[in-house]
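**Student:** Please model the complete structure; the sequences and the hints are all you need to start from.
Residue numbers (the numbering used here), protein chains in the order written: chain A, 1 to 500; chain B, 1 to 310; chain C, 1 to 361.
By construction, these hints were calculated from the structure, which means they are not laboratory data. Note that the structure is a prediction, hence the values are computed from the model and not measured. Glycine included, every Cβ here is placed at the ideal spot set by N, Cα and C. Be aware that one or more of the hints could be misleading.
Estimated spans, in silico, between C-beta atoms of each pair [to be verified]: (1) C:56 to B:123: 23 to 33 Å; (2) C:190 to A:361: 43 to 53 Å; (3) A:156 to B:197: 13 to 23 Å; (4) C:190 to B:122: 25 to 35 Å; (5) B:66 to A:137: 44 to 54 Å; (6) A:359 to C:213: 12 to 22 Å; (7) B:121 to C:189: 39 to 49 Å; (8) A:438 to B:296: 51 to 61 Å; (9) C:138 to A:113: 39 to 49 Å; (10) B:234 to C:189: 32 to 42 Å; (11) C:105 to B:66: 32 to 42 Å; (12) B:197 to A:429: 37 to 47 Å; (13) C:209 to A:262: 49 to 59 Å; (14) C:235 to A:273: 26 to 36 Å.
No more than 30 Å apart at the CA atoms, straight line, and that leaves these computed lysine-lysine pairs for DSS-like [as the list claims (entries may be wrong)]: (15) A:304 to B:300; (16) B:91 to A:76; (17) B:300 to A:144; (18) A:392 to B:93; (19) C:217 to A:392; (20) B:93 to C:138; (21) A:303 to B:300; (22) A:248 to A:486; (23) B:302 to A:303; (24) B:302 to A:53; (25) A:11 to B:91; (26) A:378 to C:225.
If you want the footprint, here are the derived chain B segments under chain C, 3+ residues with CB under 8 Å [said to hold, decoys possible]: (27) 113-119; (28) 234-245; (29) 254-267; (30) 286-293.
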Amino acid sequence: MFLRMENIYKKYGSLYANKDVGLTLKKGEILALVGENGAGKTTIMKVLYGLVKPDSGDIFINDKKVDITNPRAAIKHGIGMVQQHFMLFDEFTVMENIVYGREPRGKLFFDVKKAKQDVINLGKKYELPLDPDRGLNGMPVGLKQRVEILKVLYQDTDIIIFDEPTAVLTPQEVTELLKTMKSLAAIGKSIILITHKLNEVMEVADRALVMREGEKVGDVLVKDTSIKELSYLMVGRHIPNRKVPKVKVGQTVFETKNLSIVKKDVAILDDVSINVKRGEIVGIAGVSGNGQSELVEAVFGLKKSTSGNVIINGVDVTNTTIHNVRDNGVALVPEDRNIHGSAAMATLTENSIMGYYHLDGFSKYGVIDYKASEEFTKELINEFDVASSSTKQLMNSLSGGNVQKLILAREINHKSPFLIVAEPTRGVDIGAMEFIHKELIQKRTNGDGVLLISSELTEILDLSDRIYVIFEGQIKGEFTRENATKEEIGFLMLGGNSIE
Amino acid sequence: MIMAMVIDIEFIAHILNSTFRLMTPILFVALGSALCNRVFIFNIGLEGMMLTGAFFAIVANYYTHSVIISLLAAMFSAGLVAWVAGIFMVKFKGAMLVVGISVNILMLGATTFLMQIIFGVKGAFVDTSLVSIPKVNVEFLRNVPFFYTLLGSLTYLDYFAVVLAVILYYYMFRTVSGFRLRSIGFNKEAANSIGINADRIQIGAITFSGILSGLGGALLSMGAVTMFIQNITSGRGFMAMAAGALGSAHPIGVVFASTFFGLAQTLSNIFDTQIISSEFMKAIPYLATIVALGIFNYTKIKRGGRINNI
Amino acid sequence: MNKYYKKTLNLLEPLKQPAMAIGFAFIVGAIVMLFTGANPIEVYGIMFKGAFSSQFYLSATFAKATPIILTGLGASVAWRANCFAIGGEGQMIFGALTAALIAIYLPGPLWIRIIISMIGGVAVGGGMSLFSAYLFDKLQMSLSISTLMMNYSSKFLAMGLVVMFFLDTTSTGGMLKQTKQIPEGMRFPRVNADYALTIGFFIAVIIVLLVWFLLNKTKYGYESKMTGYNPEFSRFGGINAKRIMYLSLFISGVLSAFAGVSEVYGTYFRYVSGSLVSGGTAWIGLNAALISAYNPIGVLISSIILASIQTGGTAISRFTDVPLEISQILQGCITLFISAKIIIKWRRKKKLIKVVEEGGN
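**Tutor:** Shown next as structure tokens:
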């Protein structure tokens with residue numbers, strides 16, 4: 001056994017990111033590391049690459065215990081990582097990027113000639129040719145990834161970690177990449193592939209290690225398994241909680257028609273047509289990073305769509321301003337509450353009146369009525385049971401769950417007929433989660449429409465009346481509450497094909 | 001009068017000579033500014049660091065009468081101030097502008113304060129025992145008046161400034177260390193991901209910019225004149241920042257930008273107030289910096305490039 | 001009891017950082033004084049007396065504080081909205097020059113001249129600031145660079161204009177590069193004929209209150225504050241960041257320019273080249289803004305403290321061997337410590353020194 005990780009524990013707060021995780025890797029093997037968001041895949045790889053220090057556990061290479069405390073040490077032990085967000089310099093050439101950190105030197109100077117030759121040789125050796133003098137600016141993503149791979153190979157690594165490498169690639173580039181992985185394995189490099197896409201696992205990996213909630217739940221040979229089995233292992237069995245009262249469905253309140261965002265020939269959103277009616281919670285199931293954020297941004301005009309329409313209550317608001325979209329009756333609980341949903345250093349009141357302060361009752365002649373604003377904030381706090389001592393305290397003194405409750409309170413209070421909520425319960429405690437779910441159901445029972453975007457499949461299944469599955473920017477399927485099963489949705493959102 | 005002088009070749013030599021002498025103190029500091037820009041540091045404290053160098057050169061000069069020790073003192077004192085500023089900027093995450101401004105105010109006060117404590121004088125300190133940086137002997141050119149004027153009364157340090165620019169050019173674009181230095185300004189995270197300590201390189205660059213500012217300051221207080229005057233730099237550090245920006249942080253570009261500043265200063269010293277006020281000439285370099293940066297950014301944006309704004 | 005204690009502590013919370021920075025600076029100052037052989041307690045005593053002990057000293061301190069307050073407000077308005085402009089000096093210069101020239105040369109009744117001269121002065125300052133906003137918006141030119149360059153070009157351009165066209169040759173035979181005096185009837189009246197203090201200080205205090213109202217009570221104030229705290233959140237909330245930038249920089253320019261105007265009307269009664277630059281007024285104003293974390297009332301208080309360090313410094317140099325520049329050392333140290341955001345937290349008698357990792361631009 002070439003690489004062995006044993007009994008890795010890592011705890012963040014009260015949550016285990018890794019709980020007694022073990023991992024083995026042979027020479028020339030391709031190991032797929034699969035699991036839902038937050039299953040602990042990235043954590044264990046960060047431990048291996050020296051970016052995260054585990055609470056306990058050991059790493060052995062060739063049966064010798066090693067100590068990896070930083071990326072440099074990892075590289076020294078022959079471990080390299082192709083990061084999801086490329087760690088490259090757009091201003092430098094291919095050669096400069098590849099030799100970075102281990103540049104050949106002459107007596108005094110950077111030996112550019114040798115470096116170029118090295119890069120050419122490296123490209124030949126691994127059949128990944130690249131022009132060493134080419135600049136990175138404007139280079140297609142697939143080629144940039146090739147630079148990143150060569151950079152890792154240049155460091156004489158034997159183990160290469162690929163972190164979600166296909167997320168940003170075109171289908172052709174994906175095929176290329178998988179071929180490259182196979183040929184690297186064939187010459188004795190060991191590869192760990194972190195991915196959500198099970199079809200890729202089936203195509204390229206020898207073995208798959210499945211993680212769920214920080215624990216290892218499966219370690220299977222790919223030739224002995226199927227996408228179906230892997231997706232069951234990943235998401236687990238589930239009996240949906242269906243105690244939601246029935247409501248009469250009303251008119252369509254939100255609709256996108258063939259909405260697309262194409263950037264540099266890659267469709268981030270591909271022909272998305274969905275709708276939400278009054279009295280409905282519509283869920284969008286999918287692993288995060290499959291176009292959900294772009295969908296929200298396209299609706300609000302924060303990212304321009306390249307084709308298609310967004311229609312709110314019958315009004316076409318495609319590519320207009322956020323003000324216009326909101327005024328037409330859309331409220332939003334954004335995905336990242338700390339970046340897009342609140343200001344940590346502002347008071348609860350200041351956070352609560354965002355989106356309201358220009359309305360009657362909150363301001364007059366350009367002057368904000370802070371007394372009324374405080375009253376309003378108090379109401380929100382009381383109604384949504386936000387644990388706080390004063391409306392003047394700063395947002396950063398609240399717990400994550402309470403921040404989220406206040407944001408939800410603010411957005412629901414708009415009394416808009418349509419609400420988009422993205423990852424509403426990410427990182428909040430159980431109590432807050434239940435409260436938030438209850439409020440969302442209440443909103444729908446009142447006859448409004450809710451679009452729920454979540455990578456928590458359980459949440460989607462519990463709350464949604466209808467479910468769309470999104471994968472790589474495309475809607476892969478539509479289910480009703482009655483015919484939705486976790487197995488089938490999990491299968492689709494992980495890249496399985498419904499035709500099979 | 002002026003018309004007669006313009007055609008005088010001797011006069012041109014004189015202008016060039018003066019331009020060169022006024023350019024070199026700025027050049028030292030501008031090279032430091034260029035280094036800082038390369039690692040994404042906006043070092044507005046160069047003015048104060050330059051002043052520090054100018055002052056401690058004179059202090060060491062007074063006690064040792066050694067040019068070498070004076071220069072070392074200038075480099076050490078300004079480098080120390082820069083190092084502390086670097087720690088505040090990089091380690092303590094202090095806003096760069098605020099740290100720089102503090103350094104300027106602090107060192108303006110400290111140098112004047114110490115001048116009174118050490119020398120017991122206000123305003124300016126001169127002493128016959130002070131030595132100046134030796135000038136390069138051009139007696140052998142006495143028969144060639146043009147070159148005799150052109151190269152007259154230049155110190156070794158003046159020549160060194162230009163040599164240093166060339167050295168820095170080779171350092172930045174030919175050595176591994178320079179390569180890594182430039183990388184920090186582009187993408188600090190990518191540098192860290194491969195185990196390169198970006199913080200250390202940034203603090204190093206700031207410290208080195210201080211050392212260079214110290215030399216520039218010493219050239220002011222021990223070059224053309226040998227004395228320390230309160231606030232002797234009077235904005236030359238800021239001018240050097242402008243030169244660093246105008247030369248797009250490229251050592252050779254910085255030489256040209258500094259020369260431009262030196263020429264403008266020379267012309268403002270020469271031109272008669274009746275034709276055009278000399279003060280207008282002094283404003284030109286700063287206005288030119290805005291225009292040049294504007295054109296530079298405009299073409300870059302047109303080409304779809306990214307502007308590395310600090 | 002305990003509740004009141006806690007409430008007071010909460011109220012004092014924003015004062016902790018500046019108080020500590022000032023404390024540190026005074027410790028450094030004391031060490032420096034010890035080196036010179038002076039007794040720090042004695043020197044600080046003289047300093048305090050020299051700034052506050054009599055009506056004469058008080059009025060000098062307040063007069064000195066006036067332009068600091070105004071430039072401090074100018075810096076606060078911009079920096080609070082994440083616009084790190086440092087153009088106060090240039091705006092002050094051209095505000096002062098414009099106001100002086102209009103006051104001197106415009107014909108008509110005095111009160112009309114006063115109004116036009118003041119509006120003209122602040123409009124030029126606001127316009128300069130808008131220009132840097134434009135350069136940032138359209139050409140992505142860093143605000144600090146463009147405003148810094150404008151400071152220096154303003155200094156020389158104004159000087160050149162005075163020398164070439166508006167030089168007053170009567171008083172000092174053109175030795176000082178200054179304009180003629182503005183008519184006596186236009187000047188800010190003095191509070192007491194023997195003292196330096198004019199109504200300029202009280203106008204500044206009124207402006208402090210106005211700016212406080214603007215920043216804390218109006219829609220604009222809310223929008224600029226939220227943009228400064230979290231631009232992304234503001235964007236999602238529908239705030240137009242560009243509008244806020246232009247508006248903030250314009251107001252900032254107007255306020256700084258008014259600092260120059262008030263110096264013309266209350267101190268020099270003419271435009272004197274270099275007078276606005278030599279004391280570093282705009283920079284000290286920026287310091288006042290930083291110390292008070294952009295709070296207008298705080299700017300008022302910290303400006304008076306900074307001015308008192310200056311007037312007190314004058315007293316020190318008169319009565320002791322410690323040079324006047326101790327005041328600059330103190331000022332520099334205060335902002336240096338403010339910048340680092342080193343916060344000492346007291347927790348159950350345990351002292352914790354913690355570097356808060358935030359800020360920086």
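**Student:** It remains to establish, for every hint, whether it holds in the given structure.
**Tutor:** Consistency of the hints with the structure:
1. C:56 to B:123: 23 to 33 Å: holds, 27 Å
2. C:190 to A:361: 43 to 53 Å: Given about 48 Å between the Cβ atoms, the range holds.
3. A:156 to B:197: 13 to 23 Å: holds, 22 Å
4. C:190 to B:122: 25 to 35 Å: About 30 Å separates the Cβ atoms of residue 190 of chain C and residue 122 of chain B, which means 25 to 35 Å holds.
5. B:66 to A:137: 44 to 54 Å: For residue 66 of chain B and residue 137 of chain A the Cβ distance comes to about 51 Å; the hint holds.
6. A:359 to C:213: 12 to 22 Å: Between residue 359 of chain A and residue 213 of chain C, where Cβ atoms are some 21 Å apart, the hint holds.
7. B:121 to C:189: 39 to 49 Å: holds, 41 Å
8. A:438 to B:296: 51 to 61 Å: For residue 438 of chain A and residue 296 of chain B the Cβ distance comes to about 58 Å; the hint holds.
9. C:138 to A:113: 39 to 49 Å: For residue 113 of chain A against residue 138 of chain C, whose Cβ atoms are near 43 Å apart, the range 39 to 49 Å holds.
10. B:234 to C:189: 32 to 42 Å: With a Cβ separation near 36 Å, residue 234 of chain B and residue 189 of chain C satisfy 32 to 42 Å, so the hint holds.
11. C:105 to B:66: 32 to 42 Å: violated, 58 Å
12. B:197 to A:429: 37 to 47 Å: The hint (37 to 47 Å, Cβ to Cβ) holds, given that residue 197 of chain B and residue 429 of chain A are roughly 38 Å apart.
13. C:209 to A:262: 49 to 59 Å: holds, 54 Å
14. C:235 to A:273: 26 to 36 Å: holds, 27 Å
15. A:304 to B:300: Holds - the C-alpha atoms of residue 300 of chain B and residue 304 of chain A are around 24 Å apart, at most 30 Å.
16. B:91 to A:76: Holds - the C-alpha atoms of residue 76 of chain A and residue 91 of chain B are around 27 Å apart, at most 30 Å.
17. B:300 to A:144: holds, 22 Å
18. A:392 to B:93: holds, 28 Å
19. C:217 to A:392: The hint holds at about 15 Å.
20. B:93 to C:138: holds, 29 Å
21. A:303 to B:300: holds, 24 Å
22. A:248 to A:486: holds, 25 Å
23. B:302 to A:303: holds, 21 Å
24. B:302 to A:53: violated, 45 Å
25. A:11 to B:91: holds, 28 Å
26. A:378 to C:225: holds, 22 Å
27. 113-119: holds (count 3)
28. 234-245: Holds, because 6 residues of the stretch 234-245 of chain B bring their Cβ atoms closer than 8 Å to Cβ atoms of chain C.
29. 254-267: violated (count 0)
30. 286-293: holds (count 5)
When the structure is compared with the earlier hints, violations turn up for hints 11, 24 and 29 and for no others.
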